[in-house]
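Respectively, the protein sequence lines represent chains A and C. What the first sequence shows, in the working numbering, is residues 1 to 397, in sequence order. What the second sequence shows, in the working numbering, is residues 398 to 660, in sequence order.
No lab work stands behind these hints, which were simulated from the structure alone. Keep in mind the model is a prediction, meaning the values are calculated, not measured. All residues carry an ideal CB built from backbone N, CA and C; glycine is no exception. Keep in mind that a hint or two might mislead.
Unchecked claim - Facing chain A, from chain C, some residues (calculated, C-beta under 10 Å):
1) PHE437
2) ARG484
3) ALA493
4) THR539
5) PHE540
6) ASP559
7) PRO568
8) SER586
9) TYR619
10) VAL657
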Amino acid sequence: MKALVDRKKCTLCEVCVDVCPFSAIIVGETTIEITDECTLCGMCVDTCEFGALSLPEVGAGPAADLGAYKGVWVFAEWREGTVHRVSHELLSTGRVLADKRGVPLAAVLLGHNLSEDSAKELVAFGADTVYVVDYPELAHFADDTYADVLVELVRAKKPEILLAGATSIGRSFIPRVAASLHTGLTADCTELDISADGLLLQTRPAFGGNVMATIICPNKRPQMATVRPKVMKPSKQPTHQGEVVPVSVPEACLKSRVEVLEVIPEKDQTAKLTEADAIVSGGRGLKKPENFALIEELAQLIKGAVGASRGAVEEGWIAPSHQVGQTGRTVSPSLYMAVGIAGAIQHLVGMQSSKVIVAVNKDPMAPIFDVATYGVVADLFEFIPAFIKKIKQERGD
Amino acid sequence: MHIAVCIKQVPDAKNVRIDPDTHTLVRQGVESIVNPFDLFAVEAALKIKDALGARITVLTMGPPQADEALREALSRGVDDAILLSDRAFAGSDTWATSTTLASAVRKLGDVDLVLCGKQAIDGDTAQVGPEMATLLDIPYATFVKKIEMIDERHLKVTRQTDEGMEIWKLPMPSLVTVIKELGEPRLPSLRHKMRAKKAEIPVWGVNDLGLDPSAVGLAGSYTQVVRVFSPPRRGDRIVLQGTIEEQVDQLYHYLKEAKVPGI
Numbered sequence: 001m002k003a004l005v006d007r008k009k010c011t012l013c014e015v016c017v018d019v020c021p022f023s024a025i026i027v028g029e030t031t032i033e034i035t036d037e038c039t040l041c042g043m044c045v046d047t048c049e050f051g052a053l054s055l056p057e058v059g060a061g062p063a064a065d066l067g068a069y070k071g072v073w074v075f076a077e078w079r080e081g082t083v084h085r086v087s088h089e090l091l092s093t094g095r096v097l098a099d100k101r102g103v104p105l106a107a108v109l110l111g112h113n114l115s116e117d118s119a120k121e122l123v124a125f126g127a128d129t130v131y132v133v134d135y136p137e138l139a140h141f142a143d144d145t146y147a148d149v150l151v152e153l154v155r156a157k158k159p160e161i162l163l164a165g166a167t168s169i170g171r172s173f174i175p176r177v178a179a180s181l182h183t184g185l186t187a188d189c190t191e192l193d194i195s196a197d198g199l200l201l202q203t204r205p206a207f208g209g210n211v212m213a214t215i216i217c218p219n220k221r222p223q224m225a226t227v228r229p230k231v232m233k234p235s236k237q238p239t240h241q242g243e244v245v246p247v248s249v250p251e252a253c254l255k256s257r258v259e260v261l262e263v264i265p266e267k268d269q270t271a272k273l274t275e276a277d278a279i280v281s282g283g284r285g286l287k288k289p290e291n292f293a294l295i296e297e298l299a300q301l302i303k304g305a306v307g308a309s310r311g312a313v314e315e316g317w318i319a320p321s322h323q324v325g326q327t328g329r330t331v332s333p334s335l336y337m338a339v340g341i342a343g344a345i346q347h348l349v350g351m352q353s354s355k356v357i358v359a360v361n362k363d364p365m366a367p368i369f370d371v372a373t374y375g376v377v378a379d380l381f382e383f384i385p386a387f388i389k390k391i392k393q394e395r396g397d
Numbered sequence: 398m399h400i401a402v403c404i405k406q407v408p409d410a411k412n413v414r415i416d417p418d419t420h421t422l423v424r425q426g427v428e429s430i431v432n433p434f435d436l437f438a439v440e441a442a443l444k445i446k447d448a449l450g451a452r453i454t455v456l457t458m459g460p461p462q463a464d465e466a467l468r469e470a471l472s473r474g475v476d477d478a479i480l481l482s483d484r485a486f487a488g489s490d491t492w493a494t495s496t497t498l499a500s501a502v503r504k505l506g507d508v509d510l511v512l513c514g515k516q517a518i519d520g521d522t523a524q525v526g527p528e529m530a531t532l533l534d535i536p537y538a539t540f541v542k543k544i545e546m547i548d549e550r551h552l553k554v555t556r557q558t559d560e561g562m563e564i565w566k567l568p569m570p571s572l573v574t575v576i577k578e579l580g581e582p583r584l585p586s587l588r589h590k591m592r593a594k595k596a597e598i599p600v601w602g603v604n605d606l607g608l609d610p611s612a613v614g615l616a617g618s619y620t621q622v623v624r625v626f627s628p629p630r631r632g633d634r635i636v637l638q639g640t641i642e643e644q645v646d647q648l649y650h651y652l653k654e655a656k657v658p659g660i
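Chain C extracted, bound-state conformation (with noise of 0.2 Å):
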């Protein structure tokens, strides 16, 4: 079996805030990590195959030093490795990074399961899987919790929803996005480690891919941004006073005002 993970690289949260004091955007050094979901997926995949053996070939598009992505997931035991990289992908809405994904996934020609995160932290779109799996016209089931295979081409996967739990079986190839409860990702093992480091990473961009450089980036994006700003700051922050009771008497107040149920 050959399962492909896509991962993203992206700006560690604690380093996009705004300042409470001028309330303007402040950066705080440049680290990046690979997203939080996507490690989650590097576990899934890593998982089936201690199970039943498979072939991981980690995907990510950025830009070159999103190899070092690459290489963490390597340290964690993915086999395989490849960067998606070319000027011309730079402003790539979900649509055009999809398209890109789903021509890399398409390239490597004998994938079985694609498994993404369910969303990268710093866009939040959840876009991404789904579309990419529409593009490759195979099924897919998102916000999964837990992956069983019942057979060699069928897998039973279990999804968190708003309303509970739902267990679909799915045909491969398919697309899976998965969650947090799936695990924790292991840690880098030593031999890993230092084969991730020596790897060569194959690059490959518009040419390599077959694609058209007006249908990538931001020229082939359909969604445009024309603004980005800071959030409305929050109404007036009231620090309660007094003794517990006044605090908690104040506190029921307020509450009641904002004619919480129950209250």
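So that you can see chain A by itself, here it is in the shape it has in the complex (with noise of 0.2 Å):
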């Protein structure tokens, strides 16, 4: 299978030869042709101003229960005694397609010693119905105990929109969910609409973030997501009034194959940058490990994490754990700063959704520039020490 020429419609205008990625269309006599090398990755489709070139469509399967499923649902993830935030932000998103649908909002909260408050909250958040499943099993998070108390309940209750967290537990057991249900998944969506149908619209970067692809899921339900943490905006309405519910499940759900032998939390508020609200970020414009201790007092005045290019890693120091970028973390906090990085689109892809960037580089030429919300032209070791200075300054230290 191949994309879809409409030759009545195309111009052999051949902006869409240059946009394929695999090389893919060709320049025939009257119009432009599909050679094999398509894989079906879409992106020529939206290029074409005239409309000529689309998708053939996912196989129909049994639809015929789709109108059995109703109302949405979120994941809520429970950590360390409290509610992660990425689940408030997911029940305001879940709130807006549920009013969008008219069907009720649900968020599902599994762990052990679950508190009361912490599901008022999520129906404070937005949420109809709060399902808590509360078992000494659940008190740690596995893989396959988590997914199969989701599965038990989706398929007792049969919501049509599931959304979790892109989270490191979101990200590592909703997929076991979709593959046990037989349904479709999209990553690390960023945006989530209602279509004209009726249709969970899952809006995800792709290649990096260099591309937006927007993806259903017609004949399988429920339609599942994860959603970036950081992203949506949690918004509280105080007066919403919701119930909780607590559900038991089968005893079998709570079997674990694995055994959780040691949990450690990371001590170095600095070194969890996936939760952070600011980022740090020193390269090998840094010149020696030593001076990572500028980015390192940085970081702790607006208290956030510190992070290093691919280069200041392979140089030694810094952990690997703190690399932002292709091979390393996905962030998107509120202000990324970045110090003494070029900006490498290996690195760009791995912050560039973040919602400030700042960049301080003495090349005006380097790429970072390109995606910095401010730019300072400048010789790192003297604008930094200064800014610091700045920040204690203002606060009277």
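Please assemble the complex out of the two chains, which come individually in their own frames, going by the hints.
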């Protein structure tokens, strides 16, 4: 199968020929032709201003009981005695989707010794119902128990949409839920909406954020997506009413084949990159490992984490767990400061969705300035100490 | 022990970008690379082979030219390679991909451990590993930075999470997805390069895997791409002007406006 060409619409403008990353579009006599190299990636479709390109449709499958599924669900992530912020963000988004569909919104909270307040808080963020599954076996996360419990609940109550945070927990066990239910899953969405015909429109970055793709799951239910933390806005509705419903599950769901031997929380707050609101990252421009102290000092002042470019990690100046970019972490904090980082594409794809980006670099041509909200063309060894001094001064330290 | 490593050939990131002036997608050449995370998985398998002895089979699903990716794995010391290639596989989403790879692992028959990279750098979904494990009905652990053998039938893995680290015990057969901290891949050796060059790589299609064509590729996929577009351009970019002190004052002012904590 390959992309479809509407031969009446193609004007042979050849724009798509350059766009195809697989060189699968060639110039024919009167229209373009798609070769067998086509992987159906879809990149050409939106670039055709004449609407001549489209993708064939996914298999229809048994679509009979789609109507039996109703309601929007959010998996509420319980961590160390509190609900993770991403669950509140998802409930606020879920509320909008549920209202558009005219269906109820529910949260599912799994864990052990779950607090009543946390469940009530989920109501305040928009849930009409909070299903609480509390067992000692769920005290610690394991892919199989968490997935099997959620699958059990979905089978019983049939929601049409199921959302979870794209955290290390959500990205790990939600694929098992989707595969067990034989339904589609879209990872790491940054935008969700409902289409005119009532389907969940799931928009996500691909190719490291260089392109965006909107994806649907037309013939299977629930429609499932994980959503990147810190993208959606949590909004509390203190007057919202809802019920908290304890749920019991069959014992078979609670049996894990893995054994959690040890949990070692990261004590160094500056290493928790994916959780941080602000990140200060250093690159080769720092010149030597000792100079990371500057980055650390600034990070501490703004309560941020310390990141690094691949270059700095390869020099051995900082541990690989701090690396931001294609083979490191993908982050999207409120503030990302890139200090002495040139901005190779492999770095940019890991941080370009940050809200505010500050780049400090001597070289005005450095690619990092292409994505920087605020560019500082200066010697970092002059600028950063002066900036630290300014923050301290303003605080009256 | 038999280890299966699943790899993917991906377009090199620098080939896919947005032209900052025209704001359209541009392609520079069609260079493909082995997904970097999958090379960490190859390295993980080779480390186990070095320590305990193992047979390693590397698998990829892709067009005929994806056999280059397999040869690269062979040149690093992997024993065997199999290419899963069929027109029917085109347009696979993660579910259809997992279905195809899982049936290949099942066909191999005696696999004790499946290794995958955390995710591929073109799709970034991180779904195929866990979905495959679910289809194979074996336990799995994701985002693993260290693999140790406890005994012949059990692994100890160290997982990297948002909150820190976790150490899990897994019975085999099982599936593990790995991250960069597992270790940089070793370089190809001359001996293995020669072998890789000459190797005859079997190609398995839909029929070889005993799969229904409607269960794979686009026909067997549950998710459909309806639109691909350029991301919205970032808001105005400001390059600060003046002396260092003036730039410091401006940046402080902007970050205070943006309500950055601590400022």
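Going down the list of hints, with the structure as the test:
Because the closest C-beta pair between C/PHE437 and chain A is about 8 Å apart, less than 10 Å, the hint holds. Because the smallest distance between the Cβ of C/ARG484 and any Cβ of chain A comes to about 7 Å, under 10 Å, the interface hint for this residue holds. Of the supplied interface hints, the one on C/ALA493 holds, with its beta-carbon coming within about 9 Å of a beta-carbon of chain A, less than 10 Å. Below 10 Å, beta-carbon pairs count as interface contacts, and C/THR539 has one with chain A at about 4 Å; its hint therefore holds.
This hint holds: C/PHE540 has a C-beta 6 Å from the nearest C-beta of chain A, less than the 10 Å allowed. For C/ASP559, the shortest C-beta to C-beta distance to chain A is roughly 4 Å, which falls under 10 Å, so the interface hint holds. Checking C/PRO568 against chain A: minimum C-beta separation of about 6 Å stays under 10 Å; hint holds. For C/SER586, the suggested interface contact is broken, since its CB lies about 22 Å from the closest CB of chain A, more than 10 Å.
At its closest, the beta carbon of C/TYR619 sits 3 Å from a beta carbon of chain A; the interface hint therefore holds under the 10 Å criterion. The beta carbon of C/VAL657 is positioned within 10 Å of a beta carbon in chain A (closest approach about 5 Å), and the interface hint is therefore held.
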